[in-house]
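Put the two chains together into one complex, using the hints given.
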Amino acid sequence: MNFLMTLRIAFKALNRNKMRSGLTMLGIIIGVSAVIAMIAVGSGAKARIQEQIASMGSNLLIVLSGSATSGGIRFGSGSVPTLTVDDAKAIATELPSVKYSAPVLTGISQVVSGNQNWSAVTYGTTPEALLIRDWPVVKGRALTQADVDGRAAVCLLGQTVADNLFGEMDPVGQVVRIKKFPFTVIGVLALKGQTTWGQDQDDTLYVPLTTSQRLLFGRNFPGMVRSISVQATSAGTLQQAEEEITQLLRQRHRLRPDQENDFSVRNLTEAMSTAQESARVMSLLLGAIASIALLVGGIGIMNIMLVSVTERTREIGIRLAVGARERDILYQFLIEALVLSLIGGLIGLIIGVSASQLISHFFKWPTLVSLQALLLSFSFAGGVGMFFGFYPARKAAKLDPIEALRFE
Amino acid sequence: MNFMNDLIRVEHLVKIYYLGEIQVPALKGVDLCIQSGEFVAIMGASGSGKSTFMNILGCLDRPSQGRYFLEGTDVSGMTKDELAQIRNKKIGFVFQSFNLLNRTTALENVELPLFYNNTSSRTRHHRAMEALTGVGLIGRQHHLPSQLSGGQQQRVAVARALVNRPSLILADEPTGNLDTRTSLEIIDIFQKLNQQSQITIILVTHEQEIARYASRQVIFRDGKIIQDLSFEPRQAAYDLTQMPPPTEEAIP
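If you're matching them up, the sequences are chains A and B in order.
Under the numbering used here, the first sequence is numbered contiguously, ending at residue 725.
Under the numbering used here, the second sequence is numbered contiguously, ending at residue 1453.
For reference, chain B alone in the conformation it holds in the complex (with noise of 0.2 angstroms):
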């Protein structure tokens, strides 16, 4: 194993919570590696320790025992802060309910990391614009989330988690809240990043049709993985043309 493309390296995972005298094992050593480029797709039912496992890997938990390397660096044992930093600049979230700020236009919303790295305000704008290019959003920077639909609203979030060029992006449940074809437009976005711009996904889904786009899958049971599996994945894109044609976005 080449030890330098491992964009995620965890050792012996536990995360043990204590409710009172209680406590709660909810990872219980897990071991696993995600080279720079893959799409993981992460399943497991509620309980599964999947949620655990994500928050940790996004650096907004840490581990109880147990090492993780990001990037051949061990950020188990950093403080709040240096994880915030961590977050800001090679992490993109996106989340099941999106969690734009609201009364806050898109533009503002994509431009919100960067507000946290002293960008200077046309750097901001500029990467923000760009970042909703990416997405497919441009012509609505200016609309507030109420103002979009949800797969727009999802975009939005997608740009949000891109405009830092993040080495990697968690996305959890994003397509939990989107109907069929929404749920694969974003999916696509997702497959041409990965693929067109080498960035790593991690995706967090308990549907088996999603996970079918990543190129691995990794299973979670009682808070240990049971399987990880790699394989040739479906192409969003193909699928998008045999559905029949979009009907007409309520919010226009």
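Looking at chain A on its own, in the form it has when it is part of the complex (with noise of 0.2 angstroms):
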């Protein structure tokens, strides 16, 4: 007996009892719609994070001065400048495990152009400090060692920035007040979106270090920063360079052993890392749990074909006592099974890719349905069919010809 024949036999078996069949189907079809919409949204939610991560730029270390103790109270990071420009320059020059190190000083400052106002986070630095973060200007040039060197009173907007003092209008060349100062705009940045905790990346400016020491934030402690921006050369030397980064600050600062730090190094792709594998784990999580349904579907199929084993008894009878071998019955009710399994399996996959984009749609949410995750959940579906209709189809295989045939 040929494979198309059994196949037919197949569809006419199914055909035989419709509504039997579609509702042994529709196991599946939740099932696998079910696999597929979750991964789906498992998958975006990773996607969307990775996308955040590489926003913020790779290997990246914050270095934060503070924690200072002053009479009895101990302030937290940041509050007091400990660390100097002379540190960030170090940690470039002597740290192998460094890529880029910048020194930044930051602060809120209220930004004017004509009549219009807005207040955006600054950061006075280095050109380094947008190689570190990975963002390209999109309009205008970057900052030049020249500016910071300079003390030039130029700087780069972020889009949000831009788009709030000049709206359609191009910034490059025009002049805003920072803080009653005039600097020039030499650029546009690239657009970065939100950060995971949903801080806007392009509210920002950016302003040469020199130039914001003198004229916005450097008066109380000249030579000071903030914070130091550190890039690793590879992901693999991120703990090295903590390590190495806090022997030589506490060897500058000449801190003693039993002195605690007067800084703190913050691993910020580590913290990102663990979102990371957070959505990992939820994504598996769901698909375990619409596996679940898949398999329940499954059992649905061995039911019905225990059943119509057990009403066809007599038809095997007929069909053994013409010639039909074992595995010509084994086959029969098994391609049933198969039929029956990969159907579903279709019209689930259809119902899944288009639950996916509903969800997308309408809940906003980010989907991303992968060619692996449809071919995963299809075949999972046709072992399911395997598995499950192999015991009734054995069962029927089995069947003693001359009870078959005696069956009422």
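Just so you know, the hints here were simulated from the structure itself, not pulled from any lab data.
Quantities reported herein were computed from a predicted structural model and do not represent experimental measurements.
Careful: at least some of the hints might be erroneous.
[To be verified] In silico DSS-like links for lysine-lysine, alpha-carbon gap of 27 angstroms or less:
# : chain 1 : residue 1 : chain 2 : residue 2
1 : A       : Lys681    : A       : Lys363
2 : A       : Lys712    : B       : Lys1290
3 : A       : Lys715    : B       : Lys1290
4 : B       : Lys1425   : A       : Lys715
In structure tokens, the structure reads:
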């Protein structure tokens, strides 16, 4: 008996009891579409987090100054500037595991252009800061070492600042006032979007470190910076860089072994990796729950196939009597189960993909349907049909023809 | 005895059923030879072992002891798959309850045995139509069993038994569910197949009326053959002419 004929018999048998076949398939349909939709939701979340990690810059360390003690009162990180511009230089030049380092002064400042004004996070830093964050300029030019050395009164605007001050106009070449001092806009930064915690990364502006020291923030602690951004040479050297920076700074700050660090090193990538890991676990968990639905669908197939075998005992007897071998009967019922699960799988595939689209459309949740997930769930459906169809099919094939023919 | 002409030769056939600890002997040593072209009626009360004997002859069951030669080949030691092939190619079955597949047309029912020996679909159709013509059912090949009368259903079953051109037809109470006239018509088909095509027919029945159309009667009792007689058979074709004209069949 060849495959096509067996397939035809299977379709005919399933067609005879449309309601029953449909309901059995429903289990698989729900299972497969749930698996696909859940994996899409999970990998969508994962992809978004990955995107955000990339937007932060990779292999990033931040050295914060502070945590100083004054009269028994301990201040938090960054409260007292303890880091110097020279510390930043030393980190970049002396440590092999560090690719770039940039001293950063931060503050909120009011920016005015014509009759518009806006308040934004202002960074006074060196050109390396933008390299560390992997942040290109879309209009105009980036900061240069010459700007820093010459204390140029120039600034780079984030998209949000540019939009709020200039709207449709091109800001490059315009003059804005930051804390009353005139600065020429030399460029606009590319759009970065929000951080994982919802902070708008584009609501920012960059000025040369030296200029900011002189005009904006640097009056109280000359030569000191609030933080240093550091990029390690690779993800593998991140840990090493963290240790080396700690050692170097303790040495530079002449701290005795019993003294606490007057700075702290934060590993941002690590925090993000945790978020990514939790997204992965969520994706896995959702997939696992959906797989249980598919498994239950498989049990439905087994149940119906067992009923079908009992109902068709006589038919099996007739087939055996006219010369069907055990494997002919086995294949017949196995293919029937397989057809049920694969058709169900196909319908589930379509519903799952549509459901993913609907989820991202109505709930604004990013979903990602991968070919891998489609193939996986479809073959899983086939596997379920095969697995749960095997026992009933074997039961049919092992029937005694004499008993089967006598079955009422 | 001409060995080569023995279609069936069984030697000391024993079949024991095990019901838990208890052994139930159904056949207690049966020896029998049936030559090609014979028309044999096997008779006996229920429990006499005739059904068990038929199941073994039909390769649906295997003997506990003894040997069974079909066309000179020992089939008593064959595997299930080999027996399935024998059933497919050499034996045609006709049952009391017709045993047709419901919701499957007459034609497809007749084609069924050909599915299991990889016959091409064209040959299948051709052979099935030929067999249906042989039993006088041409024109009803697309009817479902439920649309056919009992006699017509049994004729479909006969066509199915014939479609692989077997050397042996085993009919188990083929007239048990039919009225007298329809029974005779079926027997007439068997007689014609036997006399014109030299097909060996073994018919199990408990009705003496029906057994008289066979040329040999083998009677079983308590798992043994107690009588084996040959005689001149009655002719169903003649008896049919002596019957009152048929009433219209209920289902057209």
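Out of the numbered hints, which ones does the structure contradict? 4
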